[in-house]
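Number of protein chains: 2
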Amino acid sequence: MNKFELDTPALLIDFDKLENNLAAMQKIANDNGVKLRPHTKTHKTPYIAHKQMRAGARGVTVAKLGEAEVMNAAGLDDLLIAFPLQGAAKMERLLRLAERAAVRVSLDSFPVAQAISDAAAARGIKIPFYVEVDTGLHRVGLAPRQATRDFVRAATKLRGIEFIGLLTHAGQAYAAKTLDEIAALGKNEGALMVETAEMLRADGIATPEVSVGSTPTARFAAQVQGVTEIRPGTYVFYDTMQVHKFACVWDDCAQTVLFTVVAKHPDRLIFDGGSKTLSSDRGPDGAATFGTVVGFPHLEIYALSEEHAHVKIIGDGAAPNIGDKVQVIPNHACAVMNLHDQFIATRGDEAIGSFEIAARGKIR
Amino acid sequence: MNKFELDTPALLIDFDKLENNLAAMQKIANDNGVKLRPHTKTHKTPYIAHKQMRAGARGVTVAKLGEAEVMNAAGLDDLLIAFPLQGAAKMERLLRLAERAAVRVSLDSFPVAQAISDAAAARGIKIPFYVEVDTGLHRVGLAPRQATRDFVRAATKLRGIEFIGLLTHAGQAYAAKTLDEIAALGKNEGALMVETAEMLRADGIATPEVSVGSTPTARFAAQVQGVTEIRPGTYVFYDTMQVHKFACVWDDCAQTVLFTVVAKHPDRLIFDGGSKTLSSDRGPDGAATFGTVVGFPHLEIYALSEEHAHVKIIGDGAAPNIGDKVQVIPNHACAVMNLHDQFIATRGDEAIGSFEIAARGKIR
Chain A
91 MNKFELDTPA LLIDFDKLEN NLAAMQKIAN DNGVKLRPHT KTHKTPYIAH KQMRAGARGV
151 TVAKLGEAEV MNAAGLDDLL IAFPLQGAAK MERLLRLAER AAVRVSLDSF PVAQAISDAA
211 AARGIKIPFY VEVDTGLHRV GLAPRQATRD FVRAATKLRG IEFIGLLTHA GQAYAAKTLD
271 EIAALGKNEG ALMVETAEML RADGIATPEV SVGSTPTARF AAQVQGVTEI RPGTYVFYDT
331 MQVHKFACVW DDCAQTVLFT VVAKHPDRLI FDGGSKTLSS DRGPDGAATF GTVVGFPHLE
391 IYALSEEHAH VKIIGDGAAP NIGDKVQVIP NHACAVMNLH DQFIATRGDE AIGSFEIAAR
451 GKIR
Chain B
91 MNKFELDTPA LLIDFDKLEN NLAAMQKIAN DNGVKLRPHT KTHKTPYIAH KQMRAGARGV
151 TVAKLGEAEV MNAAGLDDLL IAFPLQGAAK MERLLRLAER AAVRVSLDSF PVAQAISDAA
211 AARGIKIPFY VEVDTGLHRV GLAPRQATRD FVRAATKLRG IEFIGLLTHA GQAYAAKTLD
271 EIAALGKNEG ALMVETAEML RADGIATPEV SVGSTPTARF AAQVQGVTEI RPGTYVFYDT
331 MQVHKFACVW DDCAQTVLFT VVAKHPDRLI FDGGSKTLSS DRGPDGAATF GTVVGFPHLE
391 IYALSEEHAH VKIIGDGAAP NIGDKVQVIP NHACAVMNLH DQFIATRGDE AIGSFEIAAR
451 GKIR
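So the sequences go chain by chain: A and B. The opening position of the first sequence corresponds to residue 91 in this note's numbering, with each subsequent residue numbered one higher. The opening position of the second sequence corresponds to residue 91 in this note's numbering, with each subsequent residue numbered one higher.
For the record, the hints were derived by calculation from the structure and aren't laboratory data. Remember, predicted model here, so these are calculated numbers, not experimental data. The reader is advised that the hints may include incorrect statements.
In this list, chains with the same sequence are indistinguishable; a pair is considered to hold if it fits within one copy or across any two.
The list that follows gives simulated cross-link-like pairs (lysine-lysine, DSSO-like), each with its CA atoms no further than 27 Å apart [to be verified]:
#1 Lys247 with Lys354
#2 Lys277 with Lys125
#3 Lys267 with Lys216
#4 Lys354 with Lys125
#5 Lys216 with Lys354
#6 Lys277 with Lys216
Sequences and hints are given; from them, build the entire structure.
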């Protein structure tokens, strides 16, 4: 079926673009001699995770235990849960998962380290862990150098967890304005991590992994000697935000939402989906619009209701009519994926299949 | 189980507050002699729709055909689809639904009116329709008075649809700053609608329904003589935005998300859920924060990552520790409901059951 014959709204993933994106990021990893452990929070779809593995990825990253369980149930068996897990229910699920997959975690505090260690030790196993370092995002993570070294020294004494290295996410790159700035942040991210890892090694603490990377910084951080792993997520689809951060060009964007025009006024249109389809994510920059209308540069999505996109017609370019279909590149691919139960795969204009977004909504 | 023992994040609905909210809005409708046809896009949950019906509602409103199908499958049989339906696939589904439920639609253009009429006439039935009037939101809808009258005159000639009245949504109230302003908008909404209905009646066009109402304006619009129906949605739960629009007080807010603190720094905390749990909806006012932490007025959710809430500690009030649980009243209840597959019902501190949000993600 031609994709423009689909009922709308419909979430479309262009598999040709997707596969190009996977290959290009894998080449960056290979060329720099680092492992690619992509973050599956973007697509939440086991089928795409398997594509990443076949392209050369060495395990995957997830944000939540629930995502790890879905990926494992679909055959993925090397999983990093990059989130500080808390609470008895999660400890039990983590240990169950560790019985059937290679599971590693990241953490940055004693309460979390102690809880995981106690639970694992009681079961007679060790959970491998990275220590998360804050290289500038100021979200989770310890300050690089001394603060991280002091924590690692103490955490390596815990019996139920096994230190395997350092991890960071330079999400501050999303606030950068120029590519030079992003490159500098990526290099700095890598350099701070390698320096801290060297301090640990000088202390006699084996530090095999130095794991970095957001989609914008990955290609720069990967070049830093001593980095061993990159974990970009959004590169699978890219989106409006990534174009603005110079991570890709418009033609790389593999994720679109197909809408129908349902109302037309002299100065504006209404599409048949809003924040429940595109998300109200403006990104860290606070974008003025809510996505990019493909092929209509003079249409501007200036507001979203829950089920309506409000679209301004700028100047006198041609505007579609009621009943016409349009494709929109969302602001933030990850947020959009989490709103939809399925996506339609396309090649060119042809719809070639429907895939369940199996880890959607796995908030725990 | 005590709700604070639940694994997190968890979406909680306080049934005592919910039932108070349902009764209070029903009383407003009854006292003013208007029908209440609540919008189920807020809760997307058949169980709550049935509660609304038992409290006295006369049918329900939905935003999407997919929501109507879910509600009908759960036993709701009087449904208004308040959206301009487009496309052959939707016509087929609409007619199927009309075979098993009383379905009415709203529309505001000839392409939509003609398509529904043609499809229904071919099946030998008539679909009842409201004409949507734009009383100031400038989303969908025709201008009141002449523009609406001209359209209705022509649309009533179509054989497959049956005119039953006028409908509007005064969503512009969400941009109002004072309760006086909201009251004036509600009164104006009602007055414009009644005036336009009177013009139609003077033309000999039977206009039984005059349907209005957002949650903030419902109680004011309901007082206007000649209004027959109100369609608020968010009043079931309320939220931070509704408190700021004077529609309720904090204690009325029935929807919260339970989080665990997973990181603590001197000046800030991290909770274990972000935009994929709370949504990045700031509301039409562009709120500076992403929800309200219950019992901690000096904690401010200043940013959301996908799975992290970034929380500032203002001043020197007590802050919870890693592992502690906190409840957050979201900015926008409807957006949050659409992110979750289930909610946990509570009475007081007790969790009393889990309910599927069956119409979540029904974007078509």
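*asked:* Name the hints, by number, that the structure is in violation of.
replied: 3, 4 and 6
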